[in-house]
Every structure is written in C-alpha cells, then in structure tokens.
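Trainee: Spelled out from the first residue to the last, the chains are:
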Amino acid sequence: MREITYRQALNEALAEELERDPNVFLMGEEVAEYNGAYKVSQGLLERFGAKRIIDTPISENGFAGLGVGAAMVGLRPIIEFMTFSFSLVAFDQVVNNAPNMLTMSGGQFNIPITFRGPNGPAHQLGATHSHATECLYANTPGLKICTPATPRDAKGLLKTAIRDNDPVLVLEVELLYSSKGMVEDENVELLIPLGEAEVKREGSDVTIICYAQTVPLALAAAETLENEEEISAEVLDLRSIKPLDMEAILNSVSKTHRVVIVEQDRPFCGVGAEVTYRIQKEIFDQLDAPVLRVCQEDVAMPYNERLEMAVLPSAEKLIAAVKKVCYA
Amino acid sequence: MPEIQMPKLSDTMTEGTLVAWKKKKGDKVTTGEVIAEIETDKATMEWESPEDGTLTEIYVEEGGKVDVGVKIAFIGAEGEAAPKEEKKKEPEPKAKEEEKKEQKETEKPAPAKEKEPETAPPQEKKETKAAEKKPAPKVEGGDEARVKASPIARRLAAEQGIDLSTVQGTGPDGRVTENDVRGVMKSKGPAPQPKSVPSRIAAAEGSRISLTGMRKVIAERLVESKGPVPHFYLNIEIDAGPLMTKRTELKSAGEKSDTAKITVNDFILKAAVEAAVKVPKANASFDGDAIVQYNDVNLGIAVALEEGLVTPVIRAAQGKSLREISETVKDLAHRARNKRMKPEEFQGGNFTVSNLGSYGIDNFLAIINPPQGFILSIGAVVKKAVVDDSDHIVTGQRMSIGMSCDHRVIDGALGAEYLKALRQLLENPTLLLI
Numbered sequence: 001m002r003e004i005t006y007r008q009a010l011n012e013a014l015a016e017e018l019e020r021d022p023n024v025f026l027m028g029e030e031v032a033e034y035n036g037a038y039k040v041s042q043g044l045l046e047r048f049g050a051k052r053i054i055d056t057p058i059s060e061n062g063f064a065g066l067g068v069g070a071a072m073v074g075l076r077p078i079i080e081f082m083t084f085s086f087s088l089v090a091f092d093q094v095v096n097n098a099p100n101m102l103t104m105s106g107g108q109f110n111i112p113i114t115f116r117g118p119n120g121p122a123h124q125l126g127a128t129h130s131h132a133t134e135c136l137y138a139n140t141p142g143l144k145i146c147t148p149a150t151p152r153d154a155k156g157l158l159k160t161a162i163r164d165n166d167p168v169l170v171l172e173v174e175l176l177y178s179s180k181g182m183v184e185d186e187n188v189e190l191l192i193p194l195g196e197a198e199v200k201r202e203g204s205d206v207t208i209i210c211y212a213q214t215v216p217l218a219l220a221a222a223e224t225l226e227n228e229e230e231i232s233a234e235v236l237d238l239r240s241i242k243p244l245d246m247e248a249i250l251n252s253v254s255k256t257h258r259v260v261i262v263e264q265d266r267p268f269c270g271v272g273a274e275v276t277y278r279i280q281k282e283i284f285d286q287l288d289a290p291v292l293r294v295c296q297e298d299v300a301m302p303y304n305e306r307l308e309m310a311v312l313p314s315a316e317k318l319i320a321a322v323k324k325v326c327y328a
Numbered sequence: 329m330p331e332i333q334m335p336k337l338s339d340t341m342t343e344g345t346l347v348a349w350k351k352k353k354g355d356k357v358t359t360g361e362v363i364a365e366i367e368t369d370k371a372t373m374e375w376e377s378p379e380d381g382t383l384t385e386i387y388v389e390e391g392g393k394v395d396v397g398v399k400i401a402f403i404g405a406e407g408e409a410a411p412k413e414e415k416k417k418e419p420e421p422k423a424k425e426e427e428k429k430e431q432k433e434t435e436k437p438a439p440a441k442e443k444e445p446e447t448a449p450p451q452e453k454k455e456t457k458a459a460e461k462k463p464a465p466k467v468e469g470g471d472e473a474r475v476k477a478s479p480i481a482r483r484l485a486a487e488q489g490i491d492l493s494t495v496q497g498t499g500p501d502g503r504v505t506e507n508d509v510r511g512v513m514k515s516k517g518p519a520p521q522p523k524s525v526p527s528r529i530a531a532a533e534g535s536r537i538s539l540t541g542m543r544k545v546i547a548e549r550l551v552e553s554k555g556p557v558p559h560f561y562l563n564i565e566i567d568a569g570p571l572m573t574k575r576t577e578l579k580s581a582g583e584k585s586d587t588a589k590i591t592v593n594d595f596i597l598k599a600a601v602e603a604a605v606k607v608p609k610a611n612a613s614f615d616g617d618a619i620v621q622y623n624d625v626n627l628g629i630a631v632a633l634e635e636g637l638v639t640p641v642i643r644a645a646q647g648k649s650l651r652e653i654s655e656t657v658k659d660l661a662h663r664a665r666n667k668r669m670k671p672e673e674f675q676g677g678n679f680t681v682s683n684l685g686s687y688g689i690d691n692f693l694a695i696i697n698p699p700q701g702f703i704l705s706i707g708a709v710v711k712k713a714v715v716d717d718s719d720h721i722v723t724g725q726r727m728s729i730g731m732s733c734d735h736r737v738i739d740g741a742l743g744a745e746y747l748k749a750l751r752q753l754l755e756n757p758t759l760l761l762i
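Chains A and B, in that order, are what the protein sequence lines are. Anchor point for the first sequence: position 134 equals 134 in our numbering, and the numbering is continuous, going up by one each time. Anchor point for the second sequence: position 156 equals 484 in our numbering, and the numbering is continuous, going up by one each time.
Hints are computed from structural coordinates only; laboratory data are not their basis. A quick note: this is a predicted structure, and the numbers were derived from the prediction, not measured. Just to be clear, a hint being listed does not mean it is correct.
Derived lysine-lysine pairs resembling BS3-like cross-links, with alpha carbons at most 27 Å apart [said to hold, decoys possible]:
#1 A:Lys324 - B:Lys351
#2 B:Lys399 - B:Lys516
#3 A:Lys324 - B:Lys748
#4 A:Lys323 - B:Lys514
#5 A:Lys255 - B:Lys476
#6 A:Lys281 - B:Lys399
#7 B:Lys514 - A:Lys255
#8 A:Lys324 - B:Lys514
A partial selection of chain A residues facing chain B, derived with a Cβ cut-off under 8 Å [what the hints assert, rightly or not]:
#9 Gln286
#10 Leu287
#11 Ala289
#12 Glu297
#13 Asp298
#14 Ser314
Derived Cβ-Cβ restraints for the label pairs, each shown as a range [as the list claims (entries may be wrong)]:
#15 A:Val199 - B:Tyr561: 39 to 49 Å
#16 B:Lys606 - A:Ser232: 34 to 44 Å
#17 B:Val551 - A:Leu307: 51 to 61 Å
#18 A:Met246 - B:Thr498: 25 to 35 Å
#19 A:Gln280 - B:Gln488: 57 to 67 Å
#20 A:Ser232 - B:Asp491: 28 to 38 Å
#21 B:Glu635 - A:Cys269: 39 to 49 Å
#22 A:Glu316 - B:Thr498: 21 to 31 Å
#23 A:Pro141 - B:Thr540: 30 to 40 Å
Using N, Cα and C, we set each Cβ at its ideal position, and we do this for glycine too.
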C-alpha cells in the first residue's frame with residue numbers, strides 16, 4: 001500500500017485498463033493535449049497516442065453518441081465529461097441510447113461504455129455548473145452508477161466500470177481530486193465490485209449513509225459526535241448508487257436502529273429518498289426514529305459563497321440531524 | 329414548590345404506582361394530611377401532603393406508574409391555577425413545540441385554518457390539555473393504539489410483554505423510544521431467554537406474569553449481588569438437640585404466658601445477633617474503598633411472601649432479649665405480609681438470616697443481599713444417626729447452617745470464627761436466655 005491522490009488513482013485505473021485492453025479508449029474535452037481539465041488523464045496521450053486518447057470539440061451530445069456507437073461495434077469507450085453538469089446536453093445519449101440499446105436491439109448490442117467526470121456541487125460554480133446528477137441517472141433503468149469517495153475506491157471502481165459490459169457512470173468528486181489515501185501497490189490488480197457499500201467507520205448508535213463528497217463530511221461529523229455527544233455513529237459509504245447494496249444498509253440499520261442519510265443531491269426524488277423508502281419498507285420494526293436526510297436545499301445553487309454554504313449539506317446540519325434521531 | 333413529584337419512598341425505589349388518590353381535584357389539603365396511596369417496589373404507603381393549599385391539578389391518575397421525580401400533582405394557594413404553560417415543557421420544550429406546530433399544520437385542513445385567527449388562543453389551550461394527559465399512563469386497555477412509540481420500541485415491548493402505555497416516552501411529543509423500553513427491561517431484571525430457541529419458549533410459555541415492583545427489586549438486587557460480590561460459602565452442622573429441648577421447655581413452662589410463642593427461629597436470630605457481638609469484625613460490609621464495621625447489629629430477616637420475599641430489619645438487635653426479638657419479628661413479618669411496612673424498616677441491615685427449615689430444606693446457601701457482609705442459610709432440624717462422645721451411634725437432632733460471605737469483607741477464618749460462636753450459642757441455648 002502507498003498513499004496517492006484520488007486524481008492519481010483515477011489516472012492509474014485509466015492507464016492500466018488502456019494497457020490491458022486495446023479496445024479501451026478515452027475521449028472528451030481537453031483529455032489529450034491538455035492532459036485533462038483536472039489532470040486526470042495526465043501523460044496518457046504520450047503513452048497511448050492520439051488514436052486512443054482523443055480530444056473533442058465542445059459537443060457533448062456528439063461525442064457521447066459517438067461513444068455509444070463505438071460501443072455497439074465492440075470498443076470500450078471511456079467518455080469524460082468535464083463535469084457532469086455538461087452531461088445534461090448529452091442527456092439523450094446517456095439516458096436514452098446507452099441504457100436502452102441492449103433492450104431495443106433485442107439483446108444484440110451490449111454497450112460497454114463508461115461515462116466519467118466530476119459530479120455535484122464544488123465551490124462557487126453557480127447554478128448551471130453545480131448539478132448533482134446522480135438522482136437523474138439513477139432514475140433511468142439500465143445505467144449503473146458508482147460514486148467513489150477515496151483514492152482506493154476511485155481506482156477500483158473505475159477499473160470495474162471499464163470492464164463492465166453495460167453503461168456505467170463513474171461520478172467523481174472535483175473537491176476530492178487532490179485528497180490522498182492508501183491504495184494497493186501498482187502491481188496489485190484492484191477491482192472493487194459495483195454494488196458493494198463499505199463501512200468506513202464502525203458505530204453503534206446511528207448509521208450515517210453517505211457517498212461521494214459527503215463521506216469525508218460524515219467521517220468528520222462522526223468524530224465530533226463521538227467526542228462531544230458520546231454518540232457512536234457508523235459511517236456507511238454506499239460507493240455504488242446502482243446497484244444499491246441493500247444488504248449492507250439493512251445490516252447496519254438493524255444494528256443501530258437510527259439513520260441519517262447525507263447526500264450531495266437534491267431533496268425531491270434524491271438518492272436518499274429511495275434509500276429511506278427501502279429501509280422503512282424492509283425493516284420498519286428496526287427503526288427507532290424517522291429516517292432523516294441532509295441534502296441540498298430545493299433551490300438553484302447560489303453563486304454567493306455564504307448562500308451556497310447554506311444550501312449545501314454541512315457538518316452542523318448533519319450533527320443536528322443525528323442528535324434528533326438519537327433523541328439527544 | 330407547590331408542584332408535587334413522585335416521592336422516593338425507599339432506597340431502591342425508581343418508580344411508583346399511584347394506587348389511590350385520597351383527595352379529589354379541588355379539595356383543600358393541609359400539611360401531613362394523607363392525600364394518596366403509593367405503591368413502591370416494597371410496599372403500599374400512605375402519602376402525606378407536604379403543603380397546605382388546594383389540590384388544583386392531578387397529573388397521574390389512579391393506577392398510573394411513573395418514575396420518581398415526575399410531577400404527579402399541583403398544590404396551589406386558593407384560586408391559584410397550575411402553571412399550564414410549563415406543564416408540558418419537560419426535557420426539550422422547543423423541539424416538542426415545533427413538532428407539535430408542524431403536526432397541527434399538516435393535520436389541519438386549509439380552510440379550517442383560515443377562519444381560525446380569533447379562536448387561536450383556545451386552540452392552544454386544547455394542545456396543553458392534550459399534553460397534560462400524556463404523562464398519566466393509563467393502564468386501561470384499548471388506548472394502546474394511541475401510545476406514540478417508535479417501531480422498534482413497539483416490537484421490543486411486544487417481545488418483552490411490556491405494556492407500552494406504562495412506559496414513559498422521552499421522545500418528541502412523548503414518543504416511546506427504544507431506550508425507554510430498554511430502560512424498563514433493565515429495571516425488570518435480566519433479559520429473558522436468548523432468541524436462539526424461540527420454538528421451545530413458545531411451546532413452554534403458558535402465560536406471562538408481569539413483574540411486580542417487588543419481583544423487579546429481587547431480580548435487580550440478586551443480580552447486583554452475584555455479579556460483583558465475590559461469594560464464598562461455609563457450612564456447619566450443629567447439634568440441635570439442646571435447642572429443641574430448650575424450646576420445648578419454654579413452650580410447656582409458659583403455656584399460659586407468651587413464652588410459648590418463642591420459636592426455634594427466634595433462638596437462631598438471637599444467636600446470630602449474639603455471635604455478631606462476639607465477633608464484631610463479621611458485622612461489617614464493603615463500601616468501595618473501605619470496610620465499614622457497625623456498632624449496632626441490624627439484623628435482616630428474610631420473609632417469604634406469596635409474590636416474593638422481603639427482608640425487614642431488626643435494628644440494634646444486640647440490645648434485645650430473646651422475647652423482644654421474637655415479638656419484633658412477628659410484628660415485622662405480619663406487617664410485611666400485609667405490605668404495611670415503612671421503607672426504613674427494610675433498610676440498613678448488616679446481615680440477614682434466611683430460614684428454609686420449615687420448608688423441609690436440609691441445607692442451602694443463600695445469595696447475599698448487598699451491601700451486607702454475609703447471609704446465614706438455616707436448614708431444617710432433622711433426626712440423624714450421629715456418633716456421640718463415647719463413640720456410640722445414637723439418634724441425634726441436627727441442623728445445617730450455611731454462611732455465604734462477601735469475601736471482600738469476610739475471609740474464611742473470620743467466617744469460621746463467627747460460625748464457631750454461633751454453634752457454641754445454639755448448642756448451649758441457655759446462654760441465649762441470659
């Protein structure tokens with residue numbers, strides 16, 4: 001094991017899969033000459049050449065569709081969106097073509113495509129560049145979605161996504177690109193299956209369900225709760241939104257009996273809404289308090305920094321919610 | 329303050345049942361006047377008003393069981409009303425109020441709300457009333473569905489046979505939470521059988537008998553004892569011949585007087601006290617960082633009741649004659665059986681004598697009643713073949729005495745010394761008459 005950044009972990013995953021399978025290629029805005037808007041594809045053009053690391057014009061609907069077509073003829077495209085806010089102009093390709101092709105072709109065409117890039121609000125990017133799209137895509141049958149929060153998960157999930165025979169969205173976190181964490185050595189094949197949540201911190205009084213950028217938030221809040229409130233919080237990182245690891249969720253909640261879901265997306269039809277529904281449906285008798293969610297406010301993301309902070313989930317909001325479900 | 333709370337009427341009392349109100353709402357009361365009957369874990373007691381005034385509010389109805397410290401009534405000056413506002417603000421008034429408001433808003437159909445403004449104050453009053461009712465846990469059936477409880481609290485209560493309406497809810501708006509039910513389970517004693525054998529339990533379980541206050545205390549105290557108190561046991565068998573003879577003598581000699589009423593057990597109690605006087609180190613108990621030796625010999629006696637047992641205490645028994653001990657025991661036992669004992673009469677024993685002789689038990693070893701230092705277990709007097717001083721086998725009368733000691737206070741040698749003194753007294757019972 002060694003410590004590397006989230007960015008480096010993604011870079012290694014791309015390089016390893018490009019190396020392993022000549023059908024894999026990376027396409028997107030600024031991925032080649034500029035080494036990626038966030039430097040995730042650093043050095044890949046030099047190593048794998050312009051045929052496999054392809055710069056595109058600003059034309060998301062075009063290159064996403066190109067990717068779907070390439071997948072239909074047997075390639076394994078990795079489509080980078082500079083941010084998933086821009087995937088919205090390729091909505092038809094991501095939501096309509098990629099996930100439906102297998103069904104619409106009567107099973108003739110698998111679409112082994114990976115859409116990846118930063119997703120969710122970062123810092124003062126304004127309403128149009130701050131979209132958390134997971135709830136939009138999770139609503140679509142046929143798409144798999146993972147949301148790595150650590151370098152290790154980033155590497156292991158991206159590699160798995162590239163090898164998957166169906167469309168997978170790897171929703172990265174801009175604010176975590178420079179974060180560091182322990183990852184297996186380069187000679188170790190690291191594959192983390194889709195649909196496996198991970199307990200990032202054990203606890204007994206409450207389960208905090210989180211993913212992507214709310215994982216570090218939850219871990220910090222759990223620490224504060226332990227020290228200041230004597231509340232032992234279990235932090236469960238979903239890692240994949242779809243498939244959803246219900247077993248891990250139910251196990252943890254059956255142990256703690258109290259749940260707070262902290263997520264970066266919106267309240268209405270957000271990921272937490274579905275998780276909440278399933279918890280109460282499956283293990284109603286295990287609950288000691290209503291499930292609470294901490295998520296964005298239901299408004300357009302303000303540019304103003306203070307207003308943005310007020311709209312986003314925060315440690316304070318999370319701690320207050322945990323105390324409420326713990327009757328503390 | 330004129331707000332009256334559930335009093336702590338015994339050391340071990342954590343909750344009390346309001347058996348009966350002797351005064352009605354609106355009645356005048358004076359200090360010292362009996363206003364209610366309260367059942368503690370040990371006994372039902374009359375409870376006197378601590379205030380002069382008018383019983384303006386009753387929060388806990390008859391049959392209600394609440395924790396010590398929970399308000400049960402309000403005694404105000406004439407015309408003074410109970411403070412409506414404060415009443416419901418128990419642990420976290422703000423959250424409660426907010427939630428209440430929210431609920432009200434969602435419950436209320438919009439049009440009704442619109443024509444509400446001028447009637448707003450009465451509506452608030454109604455809320456207060458509803459909240460007022462909440463802490464009085466009615467035991468009558470049918471209201472179960474209206475008890476607010478979290479799903480797991482509900483499930484646990486069902487599993488444990490706990491009536492949810494008797495559980496004090498600490499959640500918002502009085503919601504019974506998992507912790508509230510676990511609290512009740514804890515006070516009920518150890519959890520029942522593990523879940524791994526549900527079918528067997530289901531088959532074997534004929535009925536569930538809810539624990540009475542007394543049974544709960546028995547369970548708590550004995551678990552408290554066997555867990556942390558390191559028990560060890562000593563056993564002797566004494567020659568009960570002289571004792572039986574002496575007792576018969578007293579019986580026939582005093583046919584017309586009260587000496588006829590002196591029992592073998594009275595002799596044993598007297599001997600236990602005298603032995604403690606002779607071996608004062610045994611008259612002690614463990615108290616954290618010290619051993620406390622007592623001047624008085626406060627003797628506990630285990631009295632079996634239909635629903636359990638209690639251990640009333642004969643205080644300063646070292647100064648009491650056999651006759652006085654006999655009389656005290658009869659009085660205590662009688663009142664214990666009628667649940668008419670004062671709490672202090674259960675408290676402060678230094679050690680206990682438990683006698684199962686009349687139940688035909690040959691010998692046994694009782695569990696110490698903490699924080700006492702030891703307990704004597706008296707078996708039945710039985711006829712046995714014994715070897716006498718001249719090596720002949722003869723018919724003897726023997727009695728087995730067990731002594732369970734808290735090893736932190738009493739070591740083997742000290743226990744032996746006490747038993748030696750006890751044997752000497754019981755085998756020479758004339759000494760007990762002096």
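Trainee: Does each hint fit the structure? Answer for all of them.
Mentor: We went through each hint and held it up to the structure:
1. A:Lys324 - B:Lys351: Distance of about 41 Å is beyond 27 Å: violated.
2. B:Lys399 - B:Lys516: With a Cα-Cα distance of about 23 Å, the restraint between Lys399 of chain B and Lys516 of chain B holds, given a limit of 27 Å.
3. A:Lys324 - B:Lys748: violated (63 Å)
4. A:Lys323 - B:Lys514: holds (24 Å)
5. A:Lys255 - B:Lys476: holds (22 Å)
6. A:Lys281 - B:Lys399: Given pair Lys281 of chain A, Lys399 of chain B is violated - Cα atoms ~39 Å apart, limit 27 Å.
7. B:Lys514 - A:Lys255: holds (19 Å)
8. A:Lys324 - B:Lys514: With Cα atoms ~24 Å apart, Lys324 of chain A and Lys514 of chain B stay inside 27 Å; holds.
9. Gln286: holds (6 Å)
10. Leu287: At about 5 Å, which falls below the 8 Å cut-off, the nearest Cβ of chain B leaves the hint on Leu287 of chain A intact, so it holds.
11. Ala289: Nearest chain B Cβ about 6 Å off; hint holds.
12. Glu297: violated (18 Å)
13. Asp298: violated (17 Å)
14. Ser314: Not OK, violated: Ser314 of chain A not within 8 Å of chain B, min 20 Å.
15. A:Val199 - B:Tyr561: 39 to 49 Å: Holds - the Cβ-Cβ distance for Val199 of chain A and Tyr561 of chain B, about 48 Å, lies within 39 to 49 Å.
16. B:Lys606 - A:Ser232: 34 to 44 Å: violated (55 Å)
17. B:Val551 - A:Leu307: 51 to 61 Å: holds (57 Å)
18. A:Met246 - B:Thr498: 25 to 35 Å: Holds - the Cβ-Cβ distance for Met246 of chain A and Thr498 of chain B, about 31 Å, lies within 25 to 35 Å.
19. A:Gln280 - B:Gln488: 57 to 67 Å: Roughly 23 Å apart at Cβ, these two residues miss the hinted range, so it is violated.
20. A:Ser232 - B:Asp491: 28 to 38 Å: For Asp491 of chain B against Ser232 of chain A, whose Cβ atoms are near 30 Å apart, the range 28 to 38 Å holds.
21. B:Glu635 - A:Cys269: 39 to 49 Å: violated (58 Å)
22. A:Glu316 - B:Thr498: 21 to 31 Å: holds (24 Å)
23. A:Pro141 - B:Thr540: 30 to 40 Å: Since Pro141 of chain A and Thr540 of chain B have Cβ atoms about 59 Å apart, the given range 30 to 40 Å is violated.
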